[in-house]
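Same order as they appear, the protein sequences are chains Z and W.
Under my numbering, the first sequence is numbered contiguously, ending at residue 53.
Under my numbering, the second sequence is numbered contiguously, ending at residue 1392.
Keep in mind the hints are simulated off the structure, nothing from the lab.
Predicted, not measured: the structure shown is a model, and the values here were computed from it.
In this text, a Cβ means the ideal position worked out from N, Cα and C, and glycines have one as well.
Errors might be hidden in some of the hints.
[As the list claims (entries may be wrong)] Non-contacting residues of chain W with respect to chain Z, defined by C-beta distances greater than 10 Å in every case (computed):
id, residue
1, S1036
2, I1134
3, K1248
4, K1251
5, K1308
6, R1326
7, L1331
8, K1383
[To be verified] In the DSSO-like style, the derived pairs of lysine-lysine whose C-alpha atoms are separated by at most 30 Å in a straight line are:
id, chain 1, residue 1, chain 2, residue 2
9, W, K1228, Z, K19
10, W, K1127, Z, K25
11, W, K1231, Z, K35
12, W, K1228, W, K1340
13, W, K1231, W, K1174
14, W, K1340, W, K1120
15, W, K1213, Z, K19
16, W, K1035, Z, K35
17, W, K1042, Z, K19
18, Z, K35, W, K1228
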Amino acid sequence: MIVKDWCMYCGECAGVCPKNLILLKETDLIFDDSKCRECDICIGVCPVNALER
Amino acid sequence: MIETDILVVGAGPAGSIAAKHAALGGADVLLIDKKSEIGSPKRCAEGVSKEGLNFLGIEPQLIWAVNEIEGIRLIAPDGTDVWLNDEIKLPEAGYILERKVFDKHMAMDAGRAGAKIKIKTLANALKKEGDSYIVNCESMGEELDIKAKILIGADGPESHIGRWAGLKTGTKPKDMESGVQFEMCNVKMEDPTVLEFYFGSVAPGGYVWIFPKGEDVANVGLGIIQSKADKTAYEYLVDFVKTCPATKDGKIVELNVGGDPVGGMIKDLSDDNILIVGDAAGQVHPLTGGGIINGMTCGMFAGEIAAKSIKKGDYSKKHLSEYDKRCKDLLEDKMKKYLKVRDYLESLSDDELNSVAAAFQNVEFKEISTAELVKKLVKVSPKALLKLGKLF
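Next comes chain Z alone, as it looks inside the complex (with noise of 0.2 Å):
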């Protein structure tokens, strides 16, 4: 996953993840994409559209 500068890191994508994938630190996001089924539900709920695969 391709995190854009302009993400605030709030968590919102780590909160809708199904598989509970994405770890917030206070300025980075950890995604575990080996496990990732690219439902894409994280890039969705950007709501400043941050994320890009």
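Assemble the complex: chain Z is given as a structure, and chain W must be docked to it using the hints.
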């Protein structure tokens, strides 16, 4: 390895008050937060009721209760507005907070009650070992294991703790409001003691709020359900701010974003050695999206019950389920009703909202509350009567 009776993950208002009441109950408590500054960045519109603070035993202080609210103004898509203020009884009158100050103040309350606090400490994983949890953390670059007899997950909408422990936290996208907010000055409000709510296609699945923090300062934000929307929450807000007479000359000094879980409380709030509180548990009003007072009230219950469990030496689900019962007694019926109201409101077109607002012009409100509003809504709208008549 650090050992503690109770570990609270997340120092938002729900986590901090849980830590405070657990410490007051005599337990050894550690409160951790991943951020370097508790309360920053803020994640909400900062409204609380006076009644709620009073119930929690929290005395409002000028440094964080920055504006007193005396009424509500609801605005339909065509601009027709409904005022609830003046001499009406006001059970939901309240304050606008400065969350950055308030959250820190609540954490300090926990600290003063005896809880230890570690900031910049992120929970990475957890495992069950005998009758306790071991939480693997990262604290200022160092790995740290914390062993706790009871774990309180107050980690917000991300809600990892509950899911790692096998509870059904986490939110479906249809129940997650995508929120964006500007703090602005130069806002021209009709009355800076009145909360404004704008409904309709300005914010599909949610609403726009203008919450005044001072004469010309306000939080201007919105929540949308992304699947009902055709652009991002941010784009909706930019468009609203440009066109709304109150905000078009406003200057933006802060941007906040975040998810708000409005789908109702999770079914199981506890299990052996664990309790979930606040946004992580979905303790949010499904209609308004407000969660500070609900989360804090349940947080207080969690702290009290966890401390009692430590005293008894029984951290089993059976014993901790008193927490589930108290939260459900307080919130469950109310939440079920307001979930229905939310469904109904989401079903209305802009035209229908306009006619509801027009019908409201001749209605006298006995008090300013969401319940009173819905009761009157049922009287003016046959569609509302059909869908909600039995509930209110």
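Hints, one by one, checked against the model:
Taking the minimum C-beta to C-beta distance to chain Z, about 6 Å, the non-interface status of W:S1036 is violated against the 10 Å cut. For W:I1134, the requirement that its beta carbon stay farther than 10 Å from each beta carbon of chain Z is met, with the minimum near 18 Å. In this structure W:K1248 is separated from chain Z by more than 10 Å, as the shortest Cβ-Cβ distance comes to about 22 Å. No beta-carbon of chain Z comes within 10 Å of the beta-carbon of W:K1251; the shortest separation is about 20 Å.
Here W:K1308 stays apart from chain Z, with its beta-carbon at least about 30 Å from theirs, past the 10 Å limit. For W:R1326, the condition that its CB be more than 10 Å from all CB atoms of chain Z holds, with the nearest at approximately 25 Å. Against the 10 Å criterion, W:L1331 stays outside the reach of chain Z, whose nearest CB is about 20 Å from its own CB. No beta-carbon of chain Z comes within 10 Å of the beta-carbon of W:K1383; the shortest separation is about 30 Å.
Restraint check for W:K1228 and Z:K19: the C-alpha separation of about 23 Å stays at or below 30 Å, so the hint holds. Under the criterion of a C-alpha separation no larger than 30 Å, the hint pairing W:K1127 with Z:K25 is consistent with the structure, at around 20 Å. The suggested pairing of W:K1231 with Z:K35 holds, with an alpha-carbon distance near 28 Å, which does not exceed 30 Å. Our distance criterion of 30 Å between C-alpha atoms is met by W:K1228 and W:K1340, whose separation comes to about 17 Å.
Distance hint between W:K1231 and W:K1174 is fulfilled; the C-alpha atoms sit about 16 Å from each other, no more than 30 Å. Between W:K1340 and W:K1120, the direct Cα distance comes to roughly 40 Å. Violation of the 30 Å bound is thereby established for this hinted pair. In summary, the hint linking W:K1213 to Z:K19 is not supported, as the alpha carbons are separated by about 39 Å, beyond the 30 Å threshold. Using a Cα cut-off of 30 Å, the hinted pair W:K1035 and Z:K35 holds, with the two alpha carbons roughly 27 Å apart.
Pair hint W:K1042 plus Z:K19 holds up; C-alpha atoms about 26 Å apart against a cutoff of 30 Å. Taking the CA atoms of Z:K35 and W:K1228, the gap is about 28 Å. The hint holds against a cut of 30 Å.
Hint violations for this structure: numbers 1, 14, 15, all remaining hints satisfied.
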